[in-house]
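Peer 1: Read off the chains here:
Number of protein chains: 2
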Amino acid sequence: MTFAQSSPSALTVDLYELTMMQAYHLNGVEGLSTFDLFVRRLPAGRDFLLVAGLAIVLERIEELRFSASDLEYLESLGQFRGDFLDRLEHLRFSGDVAAVPEGTVAFAGEPILRVTAPIIEAQFLETVIMNLIHLQTLIASKAARVVLAADGRGLVDFGLRRTHGTESGLYGARASRIAGFDATSNVEAGNRFGIPVAGTMAHSYVQALDDEAEAFRSFVEIYPETVLLVDTYDTMRGVDRVIKLADELGDDFRVRAIRLDSGDLLALAAETREKLDAAGLERVQIFASGNLDEFGVRELVQTGAPIDSFGIGTRLGTSEDAPNLDIVYKLAQLDDRPLLKLSTDKGTLPGIKQVWRERDGDGVPVKDTLGLADEDLPGVPLLKTVMEGGRRLPGWNEGLDTARDRAAAELRRLPAAMRSLETGFDPYPVMVSERLRALRDELASKA
Amino acid sequence: MTFAQSSPSALTVDLYELTMMQAYHLNGVEGLSTFDLFVRRLPAGRDFLLVAGLAIVLERIEELRFSASDLEYLESLGQFRGDFLDRLEHLRFSGDVAAVPEGTVAFAGEPILRVTAPIIEAQFLETVIMNLIHLQTLIASKAARVVLAADGRGLVDFGLRRTHGTESGLYGARASRIAGFDATSNVEAGNRFGIPVAGTMAHSYVQALDDEAEAFRSFVEIYPETVLLVDTYDTMRGVDRVIKLADELGDDFRVRAIRLDSGDLLALAAETREKLDAAGLERVQIFASGNLDEFGVRELVQTGAPIDSFGIGTRLGTSEDAPNLDIVYKLAQLDDRPLLKLSTDKGTLPGIKQVWRERDGDGVPVKDTLGLADEDLPGVPLLKTVMEGGRRLPGWNEGLDTARDRAAAELRRLPAAMRSLETGFDPYPVMVSERLRALRDELASKA
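Residue numbers (my numbering), protein chains in the order written: chain B, 24 to 470; chain C, 24 to 470.
Hints were generated in silico from the structure; no laboratory data involved. Quick caveat: nothing in here was measured; it's all calculated off a predicted structure. Be careful, since some hints might not be right.
Same chains, same names: a pair is fine if it fits in one copy or spans any two.
Stated by the list, open to error - Derived BS3-like pairs: lysine-lysine, alpha-carbon spacing no greater than 27 Å straight-line: (1) Lys267 <-> Lys369; (2) Lys298 <-> Lys390; (3) Lys469 <-> Lys267; (4) Lys390 <-> Lys369; (5) Lys298 <-> Lys267; (6) Lys298 <-> Lys469; (7) Lys390 <-> Lys469; (8) Lys298 <-> Lys369.
Make a model of the complete structure from these sequences and hints.
Peer 2: And the structure:
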């Protein structure tokens with residue numbers, strides 16, 4: 024492994040963006056365009072999104088640059104002309120970005136990011152903006168459900184080994200941290216984003232030592248406050264060995280927790296708690312992992328399993344029940360011309376838009392309205408200008424903790440119906456303003 | 024975007040690998056270990072895996088290196104000692120790897136990769152080996168089903184915009200190419216792996232021009248053999264405009280295909296084909312996309328939709344129906360000591376193992392047997408030694424085409440029951456040799 028940060032090449036783009044860009048270039052289509060990024064429909068069983076990924080996208084936009092070898096490859100394809108490749112060589116993003124800040128709750132159909140830039144630049148960014156916001160919003164939205172289910176218990180991201188690639192593990196750790204996770208097992212995520220890292224031990228350590236008791240003893244000597252994994256051979260015998268070690272070490276025994284990783288976690292946790300308490304080890308906590316998602320966590324919490332913290336891996340890291348969002352990036356305006364698309368079931372709303380959110384006296388959202396940006400509608404606008412002229416505005420270089428605090432406040436004020444893991448009968452109301460609706464109808468009739 | 028290849032840092036690892044490594048180091052656990060990588064159970068609805076990812080993993084293993092800043096970060100965590108960090112600074116992989124070659128069909132429980140190395144090195148590689156083989160085997164296995172369903176029609180990977188990160192898009196393109204896809208929209212995948220790149224146009228291009236006819240005309244001027252997207256406003260009117268353009272251009276009209284991206288693809292393809300043929304445009308093909316997976320493709324193929332090629336995106340790129348595999352990496356031997364783990368539903372088989380595959384006269388696999396590597400069992404061994412002493416063996420630097428040819432041969436010789444998209448009543452027989460079973464029972468009784 025080399026040390027370079029994983030940063031995609033400028034060629035991380037669908038070919039048609041480049042062929043369209045050349046066509047704009049050659050045909051003199053040079054207008055100022057506005058594209059909207061939004062999720063068309065929520066996945067089954069979901070009733071809100073937790074937006075994430077903005078800071079990473081802004082960083083990428085600022086770094087946009089084609090290398091000499093990128094351009095050589097494009098030339099080798101035989102469909103790009105010299106003057107277009109020259110233009111790519113100097114391509115930098117010079118436009119504006121408005122976005123819903125990370126950690127904000129959002130709904131289907133609402134623009135969560137809006138790019139206004141010369142069309143050649145805005146078109147180029149489609150693939151990478153979609154990809155990076157999709158991943159992080161997907162994982163943050165799933166992680167938010169786990170946070171709600173855990174109801175205050177500790178949560179550690181264990182996803183890295185089965186996420187879709189290592190970049191997904193890195194950004195997944197970031198997204199779950201925003202949603203409220205306490206820590207991650209991913210060391211690079213700790214290094215890159217300052218997320219607390221956590222880890223226990225694996226079965227291989229227990230197997231590699233002569234016996235389980237020796238494995239525990241030798242590990243605790245090095246890491247006195249560690250978490251001991253007890254299910255390599257027989258869970259309850261493993262617990263007994265931890266208790267025996269506590270007896271031997273007396274005051275030097277400072278093990279923080281026991282980890283259960285297989286079997287009936289409710290029954291094992293109850294039995295483990297009983298044994299630990301009977302041995303005077305009330306302060307030793309129980310950590311559980313193994314195929315958990317928000318439903319598994321909720322069941323354990325609601326049945327009163329004495330579990331203090333959960334490790335959540337694959338089912339979060341791959342968003343197992345809903346591994347993708349129907350996210351799209353659509354042209355809505357070119358110069359002063361609002362535009363729309365009518366494709367069956369895939370129509371769009373024209374014009375430069377804003378989303379206004381109304382809240383009740385407790386700050387709980389009650390209604391969102393999609394309108395044209397120059398309207399004056401009730402509520403607070405969700406899309407904030409975060410980048411102008413290709414540069415982030417001061418204040419939009421926010422740290423992960425800011426986004427995390429925002430998410431915590433959003434989840435506290437979530438409408439009651441959305442706090443459960445099931446979707447309600449009444450979806451959250453997202454309205455379209457009269458002016459926007461009229462504009463859409465007018466354009467549709469002319470298409 | 025910068026130009027660095029996306030290469031994960033050596034910190035792309037779960038923290039517990041590093042804490043265990045330090046414990047091995049301090050406790051003198053320095054034996055030669057063997058770890059097996061295998062998929063415990065296949066996802067519901069699947070009956071085989073198509074193995075992929077090996078070349079990428081071998082590259083990473085050879086490049087393994089902790090940078091000064093990696094080590095500084097680890098030091099800052101306050102749990103690693105100086106002599107251990109010194110050891111990490113010089114850590115290189117010095118061991119052996121045996122693996123099932125890319126493009127081979129494999130089944131649950133079979134080791135697809137086996138690492139034999141000093142335990143500190145083999146333990147370190149757990150996270151990254153699991154992550155990279157998981158992703159590519161996941162996508163190759165899904166793509167193989169699409170290839171079977173397409174029954175010879177063209178296939179283009181359109182996944183990048185909604186894969187889990189850009190690295191996943193890159194390796195997903197590679198995996199689907201191995202499985203038999205013809206091309207990808209991902210330009211970086213073309214650059215890195217030599218995969219043919221393909222792309223058409225997006226709705227934004229049609230919207231950005233004054234009208235659809237003008238959009239088609241201007242695009243064809245630049246790309247005479249392009250594919251025209253006809254559903255921005257009304258699909259059949261779009262087709263009419265293509266036919267009109269053909270009329271105008273006469274012999275200069277060389278458009279390769281029409282692309283349908285929404286609506287009832289069967290009905291629209293039939294109507295489009297009819298119109299094109301009536302206009303003497305028999306050679307213009309039909310390309311279809313939009314939420315397709317193996318089931319969608321099969322339905323279109325079986326109902327005789329006149330579609331020549333398919334673009335397959337999100338449902339393949341996120342392996343929507345089965346977004347993860349139950350892949351694990353387990354310690355099986357330390358020096359001369361075979362080891363096992365008994366955790367409920369997560370037990371393992373001990374010892375250094377091999378998989379033998381028996382085939383019938385037509386080369387169709389009929390039975391696999393898992394045994395100890397020094398046994399002499401019927402069939403051909405699947406695990407090949409690909410790396411020794413930390414270096415790839417000559418011949419194991421194979422190109423993508425070799426893996427792709429292997430996959431094509433494997434899919435041609437797939438047992439009939441597995442050619443359908445449904446799982447059969449009788450799973451493929453994977454047996455355990457008598458000696459291996461006896462060893463397991465003996466160790467289990469002593470644990």
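Peer 1: State for each hint whether it applies.
Peer 2: Hint check results:
Within a single copy, Lys267 and Lys369 get their C-alpha atoms only as close as 64 Å, which misses the 27 Å cut-off; across copies the closest is 26 Å, which meets it. For the identical chains of this complex, Lys298 and Lys390 are neighbours neither inside a copy (51 Å) nor across copies (47 Å), given an alpha-carbon limit of 27 Å. In this assembly of identical chains, the alpha carbons of Lys469 and Lys267 lie at most 27 Å apart only when taken from different copies (21 Å versus 81 Å within one copy). Taking the shortest alpha-carbon separations for Lys390 and Lys369, only the intra-copy value of 24 Å comes in at or below 27 Å, while the best inter-copy value is 48 Å.
In this assembly of identical chains, Lys298 and Lys267 lie within 27 Å of each other by CA distance solely inside one copy; the values are 11 Å within and 82 Å between copies. Taking the shortest Cα distances, Lys298 and Lys469 sit within 27 Å of each other only across copies (25 Å), while inside one copy they are farther apart (75 Å). Proximity of Lys390 to Lys469 under the C-alpha cut-off of 27 Å is found in neither arrangement, the shortest distances being 31 Å within a copy and 64 Å between copies. For a Cα distance limit of 27 Å, the shortest separation of Lys298 from Lys369 across copies, 24 Å, qualifies, whereas the shortest one inside one copy, 59 Å, does not.
Hints 2 and 7 from the earlier list are contradicted by this structure; the remaining hints agree with it.
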